[in-house]
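J.: When you get a sec, could you build the whole thing from the sequences and use the hints?
Now for the letters of each chain:
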Amino acid sequence: MNSMKGGDVVSTLEIRNLSAGIAGNSIINDLSLIVNTGEIHALLGPNGHGKSTLLNVIMGNPLYEVYSGDVLIDGQSIINDTVDQRARKGIFLAMQYPQEIPGVSISDFMRTAINANRDKPITLFRYIKDLETASKLVGFEFDMVHRSVNEGFSGGEKKRNEILQMLLLKPKFALLDEVDSGLDVDALNLVTAAINQTHDQEHGYLVVSHYARMYHLVQPTHVHVVLNGHIAISGGVELVNRIDQEGYHWLKQEYGLDIADKTEKKPMIVMQNCAAKTRGQPK
Amino acid sequence: MIDLHTNVLLSAPWLHWNTTSKVLTLTILPGAPKEIRLIHNHVFFDELRLVIAPKCQVKIWEMPSSNKKTCSLIRFIRVARDANLTHVVVLKNRHNWKISSLDIEIMKRGEYHSQQIDLSRSSHYRNVSVQLRGIEAKSGIQAAIMSEMAAKKEMEVTVSHRKPHSISELELQGVAAASGSMIFRGDQTILRGAFHSEAHQTSRIIVFDETCQAQTYPILRIDENDVQASHASAVGKIEDEIMFYMQSRGLQEQDAKRQVIRGRFNPILTKVFHPAIREALFQMLEKQVNQYV
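Protein sequences, first through last, are from chains A and B. So for the first sequence, the numbering used here puts the first residue at 1; every next one is plus one. So for the second sequence, the numbering used here puts the first residue at 284; every next one is plus one.
Hints may be right or wrong, so weigh each one.
What the hints assert, rightly or not - Subject to a maximum C-alpha distance of 30 Å in a straight line, what follows is the list of computed DSS-like cross-link-like pairs (lysine-lysine):
1) B:LYS520 <-> A:LYS89
2) B:LYS435 <-> B:LYS570
3) B:LYS435 <-> B:LYS317
4) B:LYS338 <-> B:LYS554
5) B:LYS342 <-> B:LYS381
6) B:LYS520 <-> B:LYS375
7) B:LYS317 <-> B:LYS375
8) A:LYS129 <-> B:LYS554
9) B:LYS342 <-> A:LYS120
Unchecked claim - Chain A stretches covered by chain B per the calculated footprint, using a threshold of three residues with CB under 8 Å from any CB of chain B:
10) 76-84
11) 189-201
Stated by the list, open to error - Partner residues are not named here, just some residues of chain B that face chain A (Cβ under 8 Å, in silico):
12) PRO447
13) ILE450
14) ILE525
15) GLY533
16) GLN535
17) GLN537
18) VAL543
19) ARG547
20) PRO550
If you're looking for bench data, these hints aren't it; they were derived computationally from the structure. We put the beta carbon where it would ideally sit given N, CA and C, even for glycine.
T.: As structure tokens, this is what we get:
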């Protein structure tokens, strides 16, 4: 249920005792977290411990299986909702690897997406104004919006396009999955400025990044470290600074937290001769 | 724009014609209008041949009527040196043509660009053979084909690079829905002596469900060194990752599929130079897609 905070209506995204994984392999284990609008939650943690999985499960990616637990918006479960229903309820995922959609322009795609979230279609005039404003904020030339979604885009352009879409759709809860990767310094400043500009009491953020610089530019209100699929420790910005300087191993020494090695195990390749070719007669 | 009724032969100064045993040959000369529509629902001859004279630039579109049992499309095109032909073929109504074939010869620095659009609900086999006979001859063929209502669509394009610096590009975008089936064969050969030539092809077919079938056969035969060639081919349903991406922006599954299909066809349809036909094709595509999505 919505609550009032300083005159503003606050919405809540609640992850309740969530366990999830992929193809029978558990990745998220009994994870709980509450994000209110007006808050910015930072998720840190070593690779492979479940940060991106968590964001995908919240968005409803059918690739992942939910074993138990729930995801709720304002107390209403969305765990059985389809991806588009969740989006229309105000969740947005800026993806780590945005897809290319040949032949579909950003402009057409976003207009369809905006109208899917409204009872009455947006007027063309209003839409173009919004598109111009959002393009400027992420540093896109306006011509870019006539190009196919992400097709032929650089890594940085794809990430900027994700933020452009977020600005246009104005979600209640934006899940940002490593939006800073692939961005140069200027682009990172633009993107984080755009996020900060939309940060108010009507919008909440769940941000995944490995880099302190991102969290210095977008100041989180809460910081969580995800280890072994659940939140091991929560705190403020001081956590970001310490992890930036010391890594994650101090968590084991100070809190006794065991950090499982989740690096991908690749089979060892043994190079062998598959055939021998003999030239002439051996002496 | 000129409507050229081939059974009412024009005495225009830019057109030369002759007939021999039921074969009509039209030669388009310099000074021709930039856009010509061919309406050849003729009964007096079996075959239509077209010659584009040197240095002549022309756009021709044919959208044959459906009242003949045999195919009345152009059978032969010769693009002379330094000539440039844009050729749009649209099949959109039900028709009884089972087979059509087109042979094309392109001479020195001649260019042939074609959009072949088939949104009809009838089965059809189309064979296009391109001979790049001159240095720097170019050919670009784009096909947008929808196969539905148990129709069988088959397209075979063969290209021979016979001279150096020749370029050919093939692109097929297809959709098979409602028990439709589709086969595409793209066969490009760079012959010995055609050095510095380029041959590229792409074929992508979306298959809606298990009632549909689609096959593509990308073939490149290279008999010369120092050439560029590439092929890309994909058959299958719309990728789950793309559906997830689009739905995560609030689009329902059906809207996302419609957008993807439009996205495949639109780049080809937008190249149809005649605005009224282009608009009619967009509307027709929209109507057909809405039926199956």
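J.: Is the interface hint satisfied for VAL543 of chain B? The criterion is a beta-carbon contact with chain A at less than 8 Å.
T.: Result: holds, 7 Å to nearest chain A Cβ.
J.: For the pair supplied as a hint, LYS520 of chain B and LYS89 of chain A, is the alpha-carbon distance within the 30 Å limit?
T.: 28 Å, holds
J.: Is LYS342 of chain B close enough to LYS381 of chain B, meaning Cα to Cα at most 30 Å?
T.: 26 Å, holds
J.: Against chain A, is GLN535 of chain B within 8 Å by beta-carbon distance?
T.: 5 Å, holds
J.: Given the hint that LYS338 of chain B pairs with LYS554 of chain B, test it: the Cα-Cα distance must not exceed 30 Å.
T.: Given pair LYS338 of chain B, LYS554 of chain B holds - Cα atoms ~22 Å apart, limit 30 Å.
J.: Is the hint on ILE450 of chain B kept, meaning its closest Cβ partner in chain A is under 8 Å away?
T.: 21 Å, violated
J.: Check the hint pairing LYS435 of chain B with LYS570 of chain B against an upper bound of 30 Å on the C-alpha distance.
T.: Holds, at roughly 20 Å.
J.: Given the hinted pair LYS435 of chain B and LYS317 of chain B, is their Cα-Cα distance within 30 Å?
T.: Given that 30 Å is the threshold and the Cα spacing comes to 35 Å, the pair is violated.
J.: Keeping to a limit of 30 Å between CA atoms, is the pair of LYS129 of chain A and LYS554 of chain B held or broken?
T.: 29 Å, holds
J.: For the pair supplied as a hint, LYS520 of chain B and LYS375 of chain B, is the alpha-carbon distance within the 30 Å limit?
T.: Measuring from Cα to Cα gives roughly 24 Å; hence the hint holds.
J.: CA of LYS342 of chain B to CA of LYS120 of chain A, is that 30 Å or under?
T.: Answer violated: LYS342 of chain B to LYS120 of chain A is near 42 Å, above 30 Å.
J.: Cut-off 8 Å, C-beta pairs, minimum 3 residues; does the coverage of the stretch 76-84 of chain A by chain B stand?
T.: As far as the stretch 76-84 of chain A goes, the hint holds, because 3 residues have Cβ atoms under 8 Å from chain B.
Hints 3, 9, 11, 12, 13 and 17 from the list above are not met by this structure, while the remaining hints are.
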